[in-house]
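Student: Sequence:
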Amino acid sequence: MDHDRRSFGELVAEGAAVPTDGWDFSWFEGRATEERPPWRYAESAARRLGGAHAALDIQTGGGEVLDFALGAAPRRPRLLAATEGWPPNVARATARLAPRGVVVVAAPEDAPLPFAAGTFDLVVSRHPVSPHWAEIARVLRPGGTYFAQHVGPGSCGELVEHFLGPRPEHRRDARRPDLERAAAEAAGLEVTDLRAQRLRMEFHDVAAVVHFLRKVIWMVPDFTAEAYADRLRAVHERIRADGSFVTHSTRHLFDARKPPARA
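Residue numbers for the sequence shown, in this note's numbering: 5 to 267.
These are computed hints drawn from the structure, not numbers from a lab. Glycine included, every Cβ here is placed at the ideal spot set by N, Cα and C. Wrong hints could be hidden among the right ones.
Derived DEER-like restraints, expressed as beta-carbon distance ranges [as the list claims (entries may be wrong)]:
#1 Pro118 with Pro264: 21 to 29 Å
#2 Ser248 with Pro78: 35 to 43 Å
#3 Ala21 with Ser248: 19 to 27 Å
#4 Arg9 with Asp197: 29 to 37 Å
#5 Ala265 with Glu230: 43 to 51 Å
#6 Arg171 with Ala265: 37 to 45 Å
#7 Ala187 with Asp234: 35 to 43 Å
#8 Gly105 with Ala17: 35 to 43 Å
#9 Ala21 with Arg79: 27 to 35 Å
Sequences and hints are given; from them, build the entire structure.
Tutor: Below is the structure:
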């Protein structure tokens, strides 16, 4: 489809109508692109799952990433659980993951994890809203591992600032890897690997911008197409002139371990 020939109103209406549940981003194919980090999180998580006995996926979304990782894992853990806080995604993840033997538990993002201490030897997460380090450390067994890909500071900063204006420095730094490392260590974890990347993103039509901001709601928290019509039109005109709207995501890979129990 040649999105460039469609009117501003048609594209905005389309982006506003696409369902936002789950973390399947296949709708963006041909409309937006994002570089991927070199560590290939899902494939790496699959290898970790293959060596685990009891594993937990925190904030699983619709279960898409865990589903892929389990499909690629050489073997599955004997105990598999996942948490999710948004009710539509709980239902979606349950339907997707139950056939793989995963117990999906509804749990708010900022609440204590509903599991006994020392239950898991592996905890994974892709893009947690805010890691609950004390709880992650509590549910890990001694010697267990937390392996995750986090969203970094100032992610999509050019896009966010187009809609909201310059962001305060503390907002841009809230997800800084060094601050997250310090928080993980304060909870008793040993960070064994921490790598960061800045990655190019391009939006090729304004419908993709509308859908993205409706789906990733913390970027522009009060976003609606009606409220930001003028800013969206400016995006539309920039894409018409330049071919795309360019922004950058930030990601970091976290690998941390709970120290083994002392003899």
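Student: Now look at each hint and say whether the structure bears it out.
Tutor: Evaluated hints:
For the pair Pro118 and Pro264, the beta carbons lie near 25 Å from each other, so the given range of 21 to 29 Å is met. One distance hint, 35 to 43 Å for the beta-carbon pair Ser248 and Pro78, holds here, with the actual separation near 39 Å. Take Ala21 and Ser248: their Cβ atoms lie about 22 Å apart, and the range 19 to 27 Å holds. Checking the proposed 29 to 37 Å range against Arg9 and Asp197 shows it is violated: the Cβ atoms sit about 47 Å from each other.
Checked against the hint of 43 to 51 Å, the C-beta distance between Ala265 and Glu230 comes to roughly 57 Å, which is inconsistent with it. Checking the proposed 37 to 45 Å range against Arg171 and Ala265 shows it holds: the Cβ atoms sit about 43 Å from each other. A hinted range of 35 to 43 Å holds for the C-beta pair Ala187 and Asp234, which are about 39 Å apart. About 41 Å separates the C-beta atoms of Gly105 and Ala17, a value consistent with the hinted range of 35 to 43 Å.
Ala21 and Arg79 have their C-beta atoms about 42 Å apart, which leaves the hinted 27 to 35 Å range violated.
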